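One line per chain: the protein sequences are A and B, in this order.
For the first sequence, this note's numbering begins at 1 and goes up steadily by one.
For the second sequence, this note's numbering begins at 1001 and goes up steadily by one.
Rather than coming from a laboratory, the hints here were simulated on the basis of the structure.
Bear in mind that the values here come from a model prediction, so they are computed numbers and not experimental data.
Errors might be hidden in some of the hints.
[Unchecked claim] Here are the computed distance ranges between Cβ atoms for each label pair:
1) 1022/B x 115/A: 29 to 35 Å
2) 63/A x 1212/B: 42 to 48 Å
3) 97/A x 1037/B: 42 to 48 Å
4) 105/A x 1231/B: 21 to 27 Å
5) 126/A x 1007/B: 55 to 61 Å
6) 1212/B x 115/A: 37 to 43 Å
7) 1088/B x 133/A: 44 to 50 Å
8) 1292/B x 169/A: 44 to 50 Å
9) 2/A x 1212/B: 48 to 54 Å
10) 58/A x 1186/B: 42 to 48 Å
11) 1186/B x 130/A: 38 to 44 Å
[Claimed, not checked] Taking lysine to aspartate or glutamate and the EDC-like style, the derived pairs with C-alpha atoms no more than 16 Å apart in a straight line are:
12) 203/A x 1268/B
13) 1324/B x 1051/B
14) 203/A x 1024/B
15) 213/A x 166/A
Note that beta-carbon positions come from the ideal geometry of N, C-alpha and C, so glycine has one too.
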Amino acid sequence: MNIKQYMSAPVLTISPEMTIPDARELLRARDFRHLPVVDENGQLLGIVTDRDLRSAYPSTVLCDERSQARLAALKKTPVSEIMSRETYTLPVEATIDDALLILDRQKVGALPVVDENGAVLGMFSIRDLIRAYRGLFGLGERGSAMLAIEDDGRPRPLSRLCAALEAADIHFTRLLKAKQKTDDEHFIIYLRVTTYNLSAVRKILAAAGFFEKTDH
Amino acid sequence: MSTAKQALLLVSDQEFLQHHTGRDHPESPQRLQAVIERLETSSAPGNPLADSLRIIPARAAGREELLTVHDENYLLRFEETALSGRSYLDHPDNQMSYDSYRIALLAAGAGLAAIDRLEEGGQSAALALVRPPGHHAERAAALGFCFLNNAAVAARYWQQRHQRQRIMIIDWDAHHGNGIQAAFEEDPDVFYLSIHEHPTWSFPGTGWSEERGSGPGRGATLNLPLRPGSGDEQVMRLINEKVNPALAMFAPEALIIGAGFDGHRDDDMSGLAYSSEIYRHLGRCAAAWAAQFCPGRLLSLLEGGYQPELLALCVENYLDGLLKRGSDL
């Protein structure tokens, strides 16, 4: 659940003196979207995104003369002039839940990951988040299938479910009980089994009093 | 050849009943037993399939033929598991018996025997009634009741033995054929097309529509997942809108059908809801595709279908469709 195993690291950082064209070329060459800007001690000063860099360039509707002048000026402009300084960061011990909440709330695509001294250790992006949750949920794991089961409302549903599956030697890798949004009082149990024989699984579940939810 | 009633080549062999999977296993010898019995009746004089089936025995696939798809150590491990009397390979789903390795070699070789006969000419199509099935088997792993990838071995054989380079595999078993896809993921000459229950709800959890092959094989994989509850209408729409254009684009020199019958609404191994009539339609489609792109080079391999009597009916419908080519496309 820690971001450390999913973040991109080591990460490419730049100094605040790097010029805008150099930074743009670097992003393009590496196919990155975010560049952390750090001082000589590796301390985070800000973030430059591909969008910041694109916005810094002259609009194509400008006349040639003004456009040329603007480009000439850009060649000498350091990234420190356009970087975002109010940057949210993730401490390296943050969990993927912390990351999800901050990425969602701040509506950003990636966050720098820093150590206790504020030095940049890596970047954690929405892509990294998707990868992490995909792994947790077992999406695309070959040889498995996900069943959605209605909680019957009787006590200890998960223990009963596990006991029934284990007694029948049905292997499973994920078990998750969640409230379904459309119906507040209703719980759905998601179960990822690693067997082809779903027919047998359904029979075992039915014998234990559980039924698959088919309209999930 | 134009108006005479054409015979279909049927690879059928009592040996396939010798792969035992234990009590209450869905992939049972009874499946094939039911099919054989039903076809015996329906091909008797005076019945619908009379004089239409030419039955040949299977042959064992050779080591070199298997190595085009499988890892040598895996073959050794499979054989050893069978001979040592262990009850399954890689996962308890894949139940087996002492004879299972030998029978799996026959299942992988049945298609090869059929291909040789098809290449001699004079036959319009072949169906190999085999078990164990094959489309989940990977290079070095058994999965989902499958040990050797019968369709993948057949595709490689068709290329290497008979120089048919462009092979299309159309797999309409209810489950995604992960093993076939993996075997030809990067190969532009073997097109894998699968219609199956959506991986969010179904085993083996692969076969997403965004998987289109990779590297040089990009575009030569097409996954067409269907929501649970989908029926004949959805299948026919996919055929018109997706399968026919893919065939026209790829123009195969040979066609292999992964014929699984577990999408039927009364087969509880999938949530699909086909009727038994869809298989007649699929038979007609397959015959028409072969007539258009690769006359006489159409091989169907049995994959799933787990209710023995129902499977027998669906196979018969499919054969009937294969024999009346192209009338309703």
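Outcome of the hint check:
Checking the proposed 29 to 35 Å range against residue 1022/B and residue 115/A shows it is violated: the Cβ atoms sit about 56 Å from each other. Taking the beta carbon of each, residue 63/A and residue 1212/B are about 45 Å apart, inside 42 to 48 Å as hinted. Between residue 97/A and residue 1037/B the beta carbon distance is about 59 Å. The supplied range of 42 to 48 Å is therefore violated. At roughly 44 Å, the beta carbons of residue 105/A and residue 1231/B sit outside the given window of 21 to 27 Å.
Taken as a hint, the range 55 to 61 Å holds for the pair residue 126/A and residue 1007/B, whose Cβ atoms sit roughly 60 Å apart. Evaluation of the 37 to 43 Å hint for residue 1212/B and residue 115/A yields a pass: the beta carbon distance comes to about 41 Å. The hinted window of 44 to 50 Å between residue 1088/B and residue 133/A is violated, with their beta carbons roughly 32 Å apart. For residue 1292/B paired with residue 169/A, a C-beta distance near 48 Å keeps the hint of 44 to 50 Å intact.
For residue 2/A and residue 1212/B, the hinted distance range of 48 to 54 Å is not satisfied, since their beta carbons lie about 34 Å from each other. Against the hinted window of 42 to 48 Å, the Cβ-Cβ separation of residue 58/A and residue 1186/B comes to about 44 Å, which satisfies the hint. Restraint check, residue 1186/B to residue 130/A: a C-beta distance of roughly 25 Å breaks the suggested window 38 to 44 Å. Restraint check for residue 203/A and residue 1268/B: satisfied, since their Cα atoms lie roughly 10 Å apart, inside the 16 Å limit.
Restraint check for residue 1324/B and residue 1051/B: the C-alpha separation of about 14 Å stays at or below 16 Å, so the hint holds. Pair hint residue 203/A plus residue 1024/B holds up; C-alpha atoms about 12 Å apart against a cutoff of 16 Å. Between residue 213/A and residue 166/A the alpha-carbon distance is near 21 Å, which puts this suggested pair outside the 16 Å criterion.
This entry does not satisfy hints 1, 3, 4, 7, 9, 11 and 15, going by the numbered hints stated previously.
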